[in-house]
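Work the whole structure out from these sequences, hints included.
The listed protein sequences correspond, in order, to chains A and B. Mapping of the first sequence onto my numbering: position 70 corresponds to residue 70, and the numbering continues sequentially without gaps. Counting the second sequence from 1 gives a position; my numbering is that position plus 1000.
Hints are computed from structural coordinates only; laboratory data are not their basis. It cannot be assumed that every hint is accurate.
Unchecked claim - Derived DSBU-like pairs (lysine-lysine); straight-line CA-CA distance at most 35 Å:
hint	chain 1	residue 1	chain 2	residue 2
1	A	K79	B	K1021
2	B	K1154	B	K1127
3	B	K1062	B	K1412
4	A	K136	B	K1347
5	B	K1347	B	K1188
6	B	K1021	B	K1412
7	A	K136	B	K1282
8	B	K1138	B	K1127
9	B	K1154	B	K1412
10	B	K1412	B	K1193
11	A	K79	B	K1325
Stated by the list, open to error - So the derived label-pair ranges between C-beta atoms look like this:
hint	chain 1	residue 1	chain 2	residue 2	range
12	A	S49	B	N1136	45 to 51 Å
13	B	A1379	A	S49	49 to 55 Å
14	B	T1400	A	M111	35 to 41 Å
15	A	I110	B	L1102	30 to 36 Å
16	A	S49	B	V1114	20 to 26 Å
17	A	V108	B	R1376	20 to 26 Å
18	B	A1379	A	P104	37 to 43 Å
19	A	I110	B	L1099	53 to 59 Å
20	B	K1154	A	D145	32 to 38 Å
21	A	I91	B	D1103	29 to 35 Å
22	A	S49	B	M1204	18 to 24 Å
23	A	D145	B	A1416	40 to 46 Å
Please read all numbers here as calculations on a predicted model, not as lab measurements. C-beta: ideal position from N, C-alpha, C; glycine also.
What follows is each chain in one-letter form.
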Amino acid sequence: MAEAITLERILALQAAYIRCIDNGELERWPGFFADRCLYKITSSENHRSGLDAGIIYADTRDMLLDRVTSLRQANVYEKQAYRHIVGLPSIVRQGADEAETETPFLVVRIMHDGESSIFATGVYLDVVRLQGDTLKFAQRVAVCDSSRVDTLMALPL
Amino acid sequence: MNVNVPPEALSNAPHPAEWPKDTLTRVPYWVYQSPDVFVLEQQRLFEGPVWNFLCLEAEVAKPGDYRVTQVGSMPVVVARDLDDEIYAFENRCAHRGALIVLDGGGHARDFTCVYHAWNYDLKGNLKAVAFEDGVNGKGGMARTFCRSDHGPRKLRIALFAGLVFGSLSDDVPPVEEYLGDEVGAKIKRVLHKPVVVTGRSTQMLPNNWKLYFENVKDTYHASLLHTFFTTFRINRLSQRGGLVISPNGGSHASFSYVDKANTDHDYSAMGIRSEKDDFALKDPTLLDTVDEFGDGCHMQILSVFPNLVLQQIHSALAIRQVLPKGIDRTALNWTTFGFADDTPEMKRRRLVHNNLAGPAGYVSMEDGAVGGFVQRGIATAGGEQAVLEMGGAEAVAEGTRATEASVRGFWKCYRAQMGI
Chain A
1 MAEAITLERI
11 LALQAAYIRC
21 IDNGELERWP
31 GFFADRCLYK
41 ITSSENHRSG
51 LDAGIIYADT
61 RDMLLDRVTS
71 LRQANVYEKQ
81 AYRHIVGLPS
91 IVRQGADEAE
101 TETPFLVVRI
111 MHDGESSIFA
121 TGVYLDVVRL
131 QGDTLKFAQR
141 VAVCDSSRVD
151 TLMALPL
Chain B
1001 MNVNVPPEAL
1011 SNAPHPAEWP
1021 KDTLTRVPYW
1031 VYQSPDVFVL
1041 EQQRLFEGPV
1051 WNFLCLEAEV
1061 AKPGDYRVTQ
1071 VGSMPVVVAR
1081 DLDDEIYAFE
1091 NRCAHRGALI
1101 VLDGGGHARD
1111 FTCVYHAWNY
1121 DLKGNLKAVA
1131 FEDGVNGKGG
1141 MARTFCRSDH
1151 GPRKLRIALF
1161 AGLVFGSLSD
1171 DVPPVEEYLG
1181 DEVGAKIKRV
1191 LHKPVVVTGR
1201 STQMLPNNWK
1211 LYFENVKDTY
1221 HASLLHTFFT
1231 TFRINRLSQR
1241 GGLVISPNGG
1251 SHASFSYVDK
1261 ANTDHDYSAM
1271 GIRSEKDDFA
1281 LKDPTLLDTV
1291 DEFGDGCHMQ
1301 ILSVFPNLVL
1311 QQIHSALAIR
1321 QVLPKGIDRT
1331 ALNWTTFGFA
1341 DDTPEMKRRR
1351 LVHNNLAGPA
1361 GYVSMEDGAV
1371 GGFVQRGIAT
1381 AGGEQAVLEM
1391 GGAEAVAEGT
1401 RATEASVRGF
1411 WKCYRAQMGI
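Below you can see the structure in the form of structure tokens.
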């Protein structure tokens, strides 16, 4: 019997996730997701209106691996980094091996020349699931408060 | 105003920067920097004899539906009236100039300005003035005031294959003539049945709007800047391409397709022929392509002067509306869409293919930044010029995409509208 999903474990997953992206360790990023997963970036306007399409859509972990390969090997963008500040998760549904949470985020983008700006704010609509003994994201939908993206979105939220 | 000279602030460059009249192969950089040019573009171009894309007909599908949009910098309301016709008018109250409509769109019976409650119908006609007769016999408008003499400017409307275009000019040619037969056919090829909007976003570009519009028309850069397909060793050798340009030069379509002979057995497999596993797509559904238009064309990028891009990249369909937000700032409004009869499988395919385009698109994200690289690069080069000699000096399509003919076409049309 696997350990129950506790708030502490959810917090640890959230902390490890943003640490991975903010440290530029994108290769480890898909590892936070279950094999079958949904990762999506959209806007609150689309989300509210029931419009499915967003900025990024991936419904397998392999698509996340492909995105990392593309960002590392193919895509051209100026050197940049994110600083995620993540708020406290609300657990909106809790089952034995799965929980649904909502967590606000703020992402500052730091360009190579030092220019820092608020790049995105919003809420993660997550479903976390126990895969073996490990907690993974079965769903991470980043709903951005704004429909605007400055210049381009290279790194994932 | 004579704008065929660099503005004072930019004129310390060593070269004379008159725009050579007899060639389309040079573009002076001051055209991306000058406040005078920005003002004149609004007057002569966006409010001139052009068809500005306003919205999709599907976005104002029912009587009472409305959307706000822009013609250059001018705020505009598009509405479908109770007579089922589409109207567009400047989003500016005839009284003090405040916006009449404050949100992005919705459904209404009429519009009331929040400032002093002047009221308009869905055609933009002024219908009521608050306290027009005064209060208790005092105040009120003069008896000579006639509501029909006052109102926001109205636009002419043209509908083409579900696209709503607007113009402030009485001299603009019919939209079919404006687009030309070839570009018109390429629009109808994609928009051939009822569409459904699937999402919207805005990409803010750190550059003059013309740098983005040129980029869309620049078939030369595609495989050089965007290396996604080559990185993943996606075999595209069997593909043929083409380019068509409208008679006025301003609109274009570039496209590539698989030879019909190969399509039956090879179409869905063409995407994924990787020799090195390191660079194979781990999830090939990104390129799980179907020949949904029945002609083997898997990619078509089309522009309509001055502000519309219609995109088909595999099954990723989108409208991109280009709107200037300042001399060096541009809003790119993305509207992704599918068709009303899409199956669940097709809906998912479009969602997956949408990863190819948009602000995070595998084959388009660079376009969001490259205009800024130019805008920054030319910071003190107002007296210098860009070179557009790839594929000759004309604005006529040839059987290749290794050409800047379509970019020269843009400048041909732009200079005719601007008189510079």
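Hints, one by one, checked against the model:
Distance restraint check for K79/A and K1021/B: the Cα-Cα separation of roughly 41 Å exceeds the 35 Å cut-off, and the hinted pair is therefore not satisfied. With a C-alpha separation of about 15 Å, the suggested pairing of K1154/B with K1127/B holds against the 35 Å cut-off. Our distance criterion of 35 Å between C-alpha atoms is broken by K1062/B and K1412/B, whose separation comes to about 39 Å. Of the supplied pair hints, the one linking K136/A and K1347/B holds, its CA atoms being roughly 27 Å apart against a limit of 35 Å.
The hinted pair formed by K1347/B and K1188/B meets the criterion: a straight-line CA distance of about 21 Å does not exceed 35 Å. Only pairs whose Cα atoms come within 35 Å are accepted, and K1021/B paired with K1412/B is accepted, the gap being roughly 10 Å. Distance restraint check for K136/A and K1282/B: the Cα-Cα separation of roughly 20 Å lies within the 35 Å cut-off, and the hinted pair is therefore satisfied. Taking the CA atoms of K1138/B and K1127/B, the gap is near 22 Å; set against the 35 Å cutoff, the hint holds.
Of the pairs offered as hints, the one joining K1154/B and K1412/B holds, with about 28 Å between alpha carbons and a cut-off of 35 Å not exceeded. At most 35 Å may separate the alpha-carbon atoms for a hinted pair to count; K1412/B and K1193/B meet this at roughly 33 Å. A hinted pair counts as satisfied when its Cα atoms are at most 35 Å apart, and K79/A with K1325/B qualifies at roughly 26 Å. Remark: the range hint 45 to 51 Å for S49/A to N1136/B is upheld by a beta-carbon distance near 47 Å.
For the hinted restraint 49 to 55 Å between A1379/B and S49/A, the CB-CB distance of approximately 40 Å leaves it violated. At roughly 37 Å, the beta carbons of T1400/B and M111/A sit within the given window of 35 to 41 Å. The hint said 30 to 36 Å for the Cβ distance between I110/A and L1102/B, and at roughly 35 Å that hint holds. A beta carbon spacing of about 24 Å between S49/A and V1114/B agrees with the range 20 to 26 Å that was offered as a hint.
A C-beta distance of roughly 22 Å is found between V108/A and R1376/B, which places it inside the suggested range of 20 to 26 Å. About 38 Å separates the C-beta atoms of A1379/B and P104/A, a value consistent with the hinted range of 37 to 43 Å. For I110/A and L1099/B, the hinted distance range of 53 to 59 Å is not satisfied, since their beta carbons lie about 36 Å from each other. The supplied range of 32 to 38 Å is met by K1154/B and D145/A, whose beta-carbon atoms lie about 35 Å from each other.
Look at I91/A against D1103/B: about 34 Å separates their beta carbons, and that is inside 29 to 35 Å. As the Cβ distance of S49/A to M1204/B is approximately 21 Å, the hint placing it in 18 to 24 Å holds. Range check, D145/A to A1416/B: Cβ separation about 43 Å, and the 40 to 46 Å hint holds.
The structure fails to meet hints 1, 3, 13, 19 from the earlier list, while all remaining hints are met.
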